[in-house]
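**Student:** Chains as they are written, first to last, in the numbering used here: chain F, 1 to 168; chain A, 1001 to 1429.
No lab work stands behind these hints: they were computed from the structure.
Just so you know, not all the hints are guaranteed correct.
[What the hints assert, rightly or not] Listed next, the stretches of chain A that the computed footprint assigns to chain F, with coverage defined by at least 3 CB atoms under 8 Å from CB atoms of chain F:
1. 1097-1108
2. 1147-1155
3. 1261-1267
Heads up, the beta-carbon is just placed ideally off N, CA and C, and yes, glycines get one too.
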Amino acid sequence: MRGRAQDFRRLYGAGPLHLIGALASFAVIGLAVFGWFEEPWESLKYILIWFLGAVLAHDMVLLPLYSVLDRLARMRLPGHSPAPRRTRPGGWVYVRVPLILSGLILLVFGAEIFEEGDATFFTASGQHQHVYLGRYLLIVACMFGVSLLAFLLSRLRARAGTRARAGE
Amino acid sequence: MKLIDPDRPPPGPFRESFWRSPLRGPWLTSVLGLALLVAIPLIAVTGFLSNAAYNPRLGGNSVGRTLGPLDFYLFTWPTHPSWLYAFTQGVHVTAGLAAFPILLAKLWSVFPRLFEWPPVRSPAHALERLSLAFLVGGALFEFATGILDIQYAYLFKFFFTDAHYYGAWAFTAAFVFHVAIKFTTMRSAVASRRALRPLMDGLASTAPEPAAAIPGSLVAAAPAAPTMSRRALLGTVATGSLFLFVQGLGDSLGGPLRGLSILGPRDRFGSGPNGFTVNRTALAARITREQVGAAWSLELSGAGRTIHLSREQLLAMTQHTYDLPIACVEGWSTTQRWTGVRVRDLRALLGQGAGASATATSLETDGVFSAATLAHNEVADARTLLALRVNGQQLSLDHGYPARIIGPALPGVHCTKWVARISFGESSA
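Model the full assembly from the supplied sequences, consistent with the hints where possible.
**Tutor:** This is the structure in structure tokens:
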């Protein structure tokens, strides 16, 4: 009995429960995909494009772009030579955090900020989307402002610490 | 030479030395995974409840979708409490917005796994990777379509409801399998570093997680110097999540708290008693003044009879007033004071039996939701009205003049506006 279980594990790469779980999961996925295939081809085509496109946009554009920007910035910013300098707080984080958050908000609300659905939005709600760009820029400005303050505070604190140590 | 040599990955991302972030590791991934383990089931359950709230088995409520084996409904959507749909849908959209940054961070944390080498180790591994395609693809598809839908940006050229519904099933199935096979890994990875202990580290004491020797552990083999601490990374994710949470919260609570939601897609429209959010304007529905003028009358049919009532006749019937929310699938809600005739009184006029459902049809001809069928419990509920007035005033044209449906725990688009006909029929659900 034990020998057979081990054979299964060796051939399949996991226990039988794993296989049962996988098959159950794929059965439901199959039903869902069949549901999609009930759609007329005109819709189905775009569903498939969006499903694959979302993955490609994320894995092949968004993440690589982030990594490249990160590396470029590290090369240019002072204090980030290959050898770590931990004597003073890193400055890059004060740019990176508001930048990431601005990017995130733009990613989520970009459609309304760029008035992408304005015609539909107007006929639906009687409103226009032109207010959002200004609000977004204000939020971005606030975030960078707070970050700048935090950066100055950390520098002051670091300087005070150095002085205190010098005075000991 | 073998085409796929397990010990010699091709250059680039397939080599472990390519990945340099010192923050990646099982602890970080597990903490983000744990947060999603709370959020995703909440979003999935409220999403499936939203579908159930439409009572898709009734009339044309499935909007053309053929019901399949995945459409099992254990109950008719209740009418108590009246804010039930506002609540479940508010949770769905708000939690969905708040979970999005966590999802992005989680995907970033496991990005090296996409380039695993060798690509397939065993049949079990092959099934896991195939399942991951539906997990990641499904997650991104669901979040992308949901986020665009609340902004009315139909950049995708398919019907949102069907695609989002089936996408949810595919994603949920892949998610449950993923949790089942990763749960113990997550639990031990969180426990191994004493849960939240790494959050105490500032930048100076931020070091790679201890596990670099294990291949595929997500810990960089040749890490770069840290430029931010784990605390700062998770803090950034939490800030983004909190910001989006507040956007959703303000939108779904409405009232004075609506102001919290600076980028929330929907806001009040107009001023005065009729100054609240509109979902579909009379302009969009192509409703003309002539259609709703003196010639308008309500057609009631059921129990083999058809009668017509003018607006004056409706106003002469006993009027009832209730505070009820319009709760939109897009997450926003607005509670107003509605006055009108009970739908069940209209049913009684025809002599139709108590178990009847009611289909309200709009004057509007080409809208997807120009007709909606209310289940027997909704019809029987005293608070389900054919509203003629709101906040003490006549309904505005954009809010459905001369008469609209409003009912407790009813999805917004089932509150049919510019009602032309109500037909009652025996219903099984």
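**Student:** Could you run down the list of hints and mark each one as holding or not?
**Tutor:** Results of checking the hints against the structure:
1. 1097-1108: holds (count 6)
2. 1147-1155: holds (count 7)
3. 1261-1267: holds (count 5)
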